[in-house]
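S.K.: My request is simple: use the sequences and hints to build the entire structure.
Here's the letter readout for the chains.
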Amino acid sequence: MTDVREAIMVGRKSDGTAVRRPLSPHLQVYRPQITSTLSIFHRFTGIGLGVGTLLLVWWLVAAAVSDTAYAAVAWFVGSWLGYLLLFGWTVCLWYHFCNGIRHLGWDFRYGFEVQTLRATGIATLIATAVLTVLTWVIGLLVL
Amino acid sequence: MPTKTPGTSIMRTPLGQMRGLGAARSGTGVWWAQRLTAFALIPLTLWFVCGIIRLAGEPRAVVTHWVAQPWVAALLIALVVATFHHLQLGLQVVIEDYIHAENSRLASLLAMKGAVLLLALLSVIAVLKMAIAPG
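Protein chains in written order, with my numbering: chain U, 1 to 143; chain R, 1 to 135.
Accuracy of the hints is not assured; some may be wrong.
[Stated by the list, open to error] Which bits of chain U does chain R cover? Going by a derived footprint, with three or more residues having C-beta under 8 angstroms, they are: (1) 95-105; (2) 109-122; (3) 129-139.
[Stated by the list, open to error] Below, a sample of chain U positions facing chain R; criterion: calculated Cβ distance under 10 angstroms: (4) Val65; (5) Ser66; (6) Ala69; (7) Gly78; (8) Gly88.
Treat the hints as calculated values from the structure; they're not laboratory data.
Where is the CB? At the ideal position from N, CA and C, for every residue including glycine.
M.R.: So this is what it looks like as structure tokens:
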């Protein structure tokens, strides 16, 4: 026992055997809903974008330093892994962008009704898909 | 919160009491900073993505010349500062949510904030170098 609070977590079943009382219900007992799922996506995409900033910093520093350094980052971004990371980064960016605007709406007390939550949630997913495809279509056309 | 006992009066407004006296001992500053950076990042992100698309596949000289324009450098630094400030606020919440042991929580927070600060400084210096001495 590492914590005195553990003492209240011990109980007995009706047949007398000792059991550890369950903790408060967590993710695995709830049916996934659009609200909770999109909320978790927001956190995941935020972390993803945090990892993605490494690529941004590498690109900026390489551009500032030398042609050789820039060639290295350009080679990486142009590789299949670079494209995959960049695509993931684009999805994370637009999702976090759109859902972030949804969050700012809530800060202005807009959109807490269940119907509105569902509608803005679906709109966020559609907007993410549209913006991601648009970014890549324009990006590949420019290339 | 200072408790109000009979016979005493607190010479502070409710807002004054709330500031700096929340559960996290830091009032509303962090919440406000997260929203403010989020708001700033809406136009900055749109501008940056448009800029980066135009630079795709271009040689380094085109990138440095783009950054060398004063308004581009200024917007890039604004983007970097807002991004990394927003990032460290977000990651702080994640760390506080999942790391419960006091020591490892503090260590993770400090390591994360140090790393984010370094990345931000690196980016700002890179932009400044291109803005002041391109080539």
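S.K.: If a hint holds in the structure, say so; if it does not, say that too.
M.R.: Each hint tested on the structure:
1. 95-105: holds (count 5)
2. 109-122: violated (count 0)
3. 129-139: holds (count 3)
4. Val65: Status holds, d = 8 angstroms.
5. Ser66: 8 angstroms, holds
6. Ala69: Ala69 of chain U check passes; min Cβ-Cβ to chain R is 9 angstroms, inside 10 angstroms.
7. Gly78: 8 angstroms, holds
8. Gly88: Cβ of Gly88 of chain U sits 15 angstroms from chain R, so the hint is violated.
Comparing the model with each earlier hint shows violations of hints 2, 8; every other hint is respected.
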